[in-house]
Amino acid sequence: DSGVTQTPKHLITATGQRVTLRCSPRSGDLSVYWYQQSLDQGLQFLIQYYNGEERAKGNILERFSAQQFPDLHSELNLSSLELGDSALYFCASSVEGLGGASSYNEQFFGPGTRLTVL
Amino acid sequence: AQSVTQLDSQVPVFEEAPVELRCNYSSSVSVYLFWYVQYPNQGLQLLLKYLSGSTLVKGINGFEAEFNKSQTSFHLRKPSVHISDTAEYFCAVSSYNFNKFYFGSGTKLNVKP
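Protein chains in written order, with our numbering: chain Y, 309 to 426; chain E, 17 to 129.
Just so you know, these hints were derived from the structure itself, not from any lab.
All C-beta atoms in this analysis are idealised placements derived from N, C-alpha and C, irrespective of residue type, glycine included.
It is possible that part of the hints are untrue.
[Stated by the list, open to error] Under the rule of at most 30 angstroms between Cα atoms (straight-line distance), these lysine-lysine pairs were calculated in the DSS-like manner:
| id | chain 1 | residue 1 | chain 2 | residue 2 |
| --- | --- | --- | --- | --- |
| 1 | E | Lys-128 | E | Lys-65 |
| 2 | E | Lys-116 | Y | Lys-317 |
| 3 | E | Lys-124 | Y | Lys-365 |
| 4 | E | Lys-65 | Y | Lys-317 |
| 5 | E | Lys-128 | E | Lys-74 |
| 6 | E | Lys-85 | E | Lys-124 |
| 7 | E | Lys-65 | Y | Lys-365 |
| 8 | E | Lys-65 | E | Lys-116 |
| 9 | E | Lys-124 | Y | Lys-317 |
| 10 | E | Lys-74 | E | Lys-116 |
| 11 | E | Lys-116 | Y | Lys-365 |
| 12 | E | Lys-85 | Y | Lys-365 |
| 13 | E | Lys-65 | E | Lys-85 |
[Unchecked claim] A few chain E positions that, by computed beta-carbon distances, are all more than 10 angstroms from chain Y:
| id | residue |
| --- | --- |
| 14 | Leu-23 |
| 15 | Val-29 |
| 16 | Ala-33 |
| 17 | Pro-34 |
| 18 | Glu-36 |
| 19 | Ser-43 |
| 20 | Val-45 |
| 21 | Thr-71 |
| 22 | Lys-74 |
| 23 | Gly-78 |
| 24 | Glu-80 |
| 25 | Glu-82 |
| 26 | Gln-87 |
| 27 | Thr-88 |
| 28 | Pro-95 |
| 29 | Val-127 |
[Claimed, not checked] Taking CB as the label site, the calculated pair distances span:
| id | chain 1 | residue 1 | chain 2 | residue 2 | range |
| --- | --- | --- | --- | --- | --- |
| 30 | Y | Gln-325 | E | Gln-87 | 43 to 49 angstroms |
| 31 | E | Glu-32 | Y | Ser-335 | 37 to 43 angstroms |
| 32 | Y | Glu-414 | E | Asn-57 | 19 to 25 angstroms |
| 33 | Y | Ala-322 | E | Glu-36 | 42 to 48 angstroms |
| 34 | Y | Ser-387 | E | Thr-88 | 35 to 41 angstroms |
Generate the whole structure from the sequences, applying the supplied hints.
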């Protein structure tokens with residue numbers, strides 16, 4: 309158990325709908341990262357938040373958005389869902405470092421939310 | 017920009033045999049390198065990492081990897097695999113401030129009895 313929790317475990321919805329995925333980081337971790345794992349795209353970094361602020365962006369679609377709340381949990385919102393959005397969505401958390409080998413902090417991954425769009 | 021290539025999508029191997037999972041990266045700047053393992057229906061778990069120093073890195077579960085800057089490789093090895101090593105393995109590269117991780121496409125290791 310990594311200490312990162314994600315809800316729900318599974319989500320089945322229809323095209324055009326909107327869903328919200330939730331992530332609670334490990335106690336004390338200030339950074340949250342979202343990843344998408346699909347069969348055709350592999351594992352892709354979507355976005356990072358640090359202490360409530362967006363820190364880095366990856367291959368995140370405009371239909372997707374995220375936020376991190378004062379209690380440090382994060383939500384990933386996916387709207388206008390398409391069949392191709394079906395994937396496993398992972399959240400990870402870490403204690404943010406300032407950069408460089410001496411400040412590395414491991415990312416701990418949650419178990420993921422499996423989204424199926426029908 | 018960074019990218020990672022894992023040439024082998026699947027590697028079948030018999031129990032107690034050695035295994036090498038290949039990873040090559042490309043980057044215009046210094047990077048940090050990682051191997052993660054994903055067991056069925058689970059999240060990713062860090063196996064080992066290269067940040068600096070010795071190019072031979074030892075990780076959990078008897079795995080090790082060697083950073084080769086001239087060949088831009090970071091191959092993962094284990095001298096004797098177990099059935100329990102059956103999983104998917106991902107090589108990843110990170111930027112200097114660990115803001116972005118780029119993962120390879122993964123290699124499925126299938127250990128047969």
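The hints, checked one at a time:
Under the criterion of a C-alpha separation no larger than 30 angstroms, the hint pairing E/Lys-128 with E/Lys-65 is consistent with the structure, at around 27 angstroms. Annotation: proposed proximity of E/Lys-116 to Y/Lys-317 holds, straight-line Cα distance about 25 angstroms (limit 30 angstroms). For a cut-off of 30 angstroms, the pair hint linking E/Lys-124 to Y/Lys-365 stands: about 28 angstroms separates their Cα positions. With a C-alpha separation of about 29 angstroms, the suggested pair E/Lys-65 and Y/Lys-317 falls inside the 30 angstroms cut-off, and the hint holds.
Restraint check: the Cα-Cα separation between E/Lys-128 and E/Lys-74 comes to about 24 angstroms, which is no more than 30 angstroms; the hinted pair holds. Simply put, E/Lys-85 and E/Lys-124 have alpha-carbon atoms about 25 angstroms apart, close enough for the 30 angstroms limit, and the pair holds. Proximity of E/Lys-65 to Y/Lys-365 is assessed by CA-CA distance (about 23 angstroms); at most 30 angstroms being required, the pair is judged to hold. The hinted pair formed by E/Lys-65 and E/Lys-116 meets the criterion: a straight-line CA distance of about 15 angstroms does not exceed 30 angstroms.
About 23 angstroms separates the Cα atoms of E/Lys-124 and Y/Lys-317, which keeps this hinted pair within 30 angstroms; it holds. The straight-line distance between the Cα atoms of E/Lys-74 and E/Lys-116 is roughly 23 angstroms, inside the 30 angstroms bound, and the hint therefore holds. About 8 angstroms separates the Cα atoms of E/Lys-116 and Y/Lys-365, which keeps this hinted pair within 30 angstroms; it holds. A distance of roughly 27 angstroms separates the Cα atoms of E/Lys-85 and Y/Lys-365; the hinted pair therefore holds under the 30 angstroms criterion.
About 15 angstroms separates the Cα atoms of E/Lys-65 and E/Lys-85, which keeps this hinted pair within 30 angstroms; it holds. Even its closest Cβ contact with chain Y, about 14 angstroms, leaves E/Leu-23 beyond 10 angstroms, as expected for a residue assigned away from the interface. Residue placement check: E/Val-29 keeps its beta carbon more than 10 angstroms from all beta carbons of chain Y (closest about 22 angstroms). Listed as a non-interface residue, E/Ala-33 keeps its Cβ farther than 10 angstroms from every Cβ of chain Y; the least gap is roughly 27 angstroms.
At roughly 26 angstroms, the least C-beta separation between E/Pro-34 and chain Y is larger than 10 angstroms, which holds for a residue marked as non-interface. Against chain Y, the non-interface label of E/Glu-36 holds: every CB pair exceeds 10 angstroms, the least being about 21 angstroms. The non-interface label for E/Ser-43 is consistent with chain Y: the shortest C-beta to C-beta separation is roughly 15 angstroms, beyond 10 angstroms. Listed as a non-interface residue, E/Val-45 keeps its Cβ farther than 10 angstroms from every Cβ of chain Y; the least gap is roughly 12 angstroms.
Listed as outside the interface, E/Thr-71 is consistent with that label: its C-beta sits roughly 14 angstroms from the nearest C-beta of chain Y, beyond the 10 angstroms cut-off. No Cβ of chain Y comes within 10 angstroms of the Cβ of E/Lys-74; the nearest lies about 16 angstroms off, and the non-interface call holds. Consistency note on E/Gly-78: stated as away from chain Y, and its beta-carbon is indeed over 10 angstroms from all of that chain's, at 19 angstroms minimum. A cut-off of 10 angstroms between C-beta atoms confirms that E/Glu-80 is not in contact with chain Y; the least separation is 18 angstroms.
Listed as outside the interface, E/Glu-82 is consistent with that label: its C-beta sits roughly 17 angstroms from the nearest C-beta of chain Y, beyond the 10 angstroms cut-off. Every CB of chain Y is more than 10 angstroms from the CB of E/Gln-87 (nearest about 21 angstroms), matching its label as outside the interface. For E/Thr-88, the shortest C-beta to C-beta distance to chain Y comes to about 18 angstroms, beyond the 10 angstroms cut-off, and the non-interface label holds. Taking the minimum C-beta to C-beta distance to chain Y, about 25 angstroms, the non-interface status of E/Pro-95 holds against the 10 angstroms cut.
For E/Val-127, the shortest C-beta to C-beta distance to chain Y comes to about 22 angstroms, beyond the 10 angstroms cut-off, and the non-interface label holds. The hint said 43 to 49 angstroms for the Cβ distance between Y/Gln-325 and E/Gln-87, and at roughly 47 angstroms that hint holds. Between E/Glu-32 and Y/Ser-335 the Cβ separation comes to about 40 angstroms, which falls inside the hinted range of 37 to 43 angstroms. A hinted range of 19 to 25 angstroms holds for the C-beta pair Y/Glu-414 and E/Asn-57, which are about 22 angstroms apart.
Range check, Y/Ala-322 to E/Glu-36: about 45 angstroms between beta-carbon atoms, so the 42 to 48 angstroms window is met. Between Y/Ser-387 and E/Thr-88 the C-beta distance comes to about 39 angstroms, which sits within the given range of 35 to 41 angstroms.
In this structure, none of the earlier numbered hints is contradicted; all agree with it.
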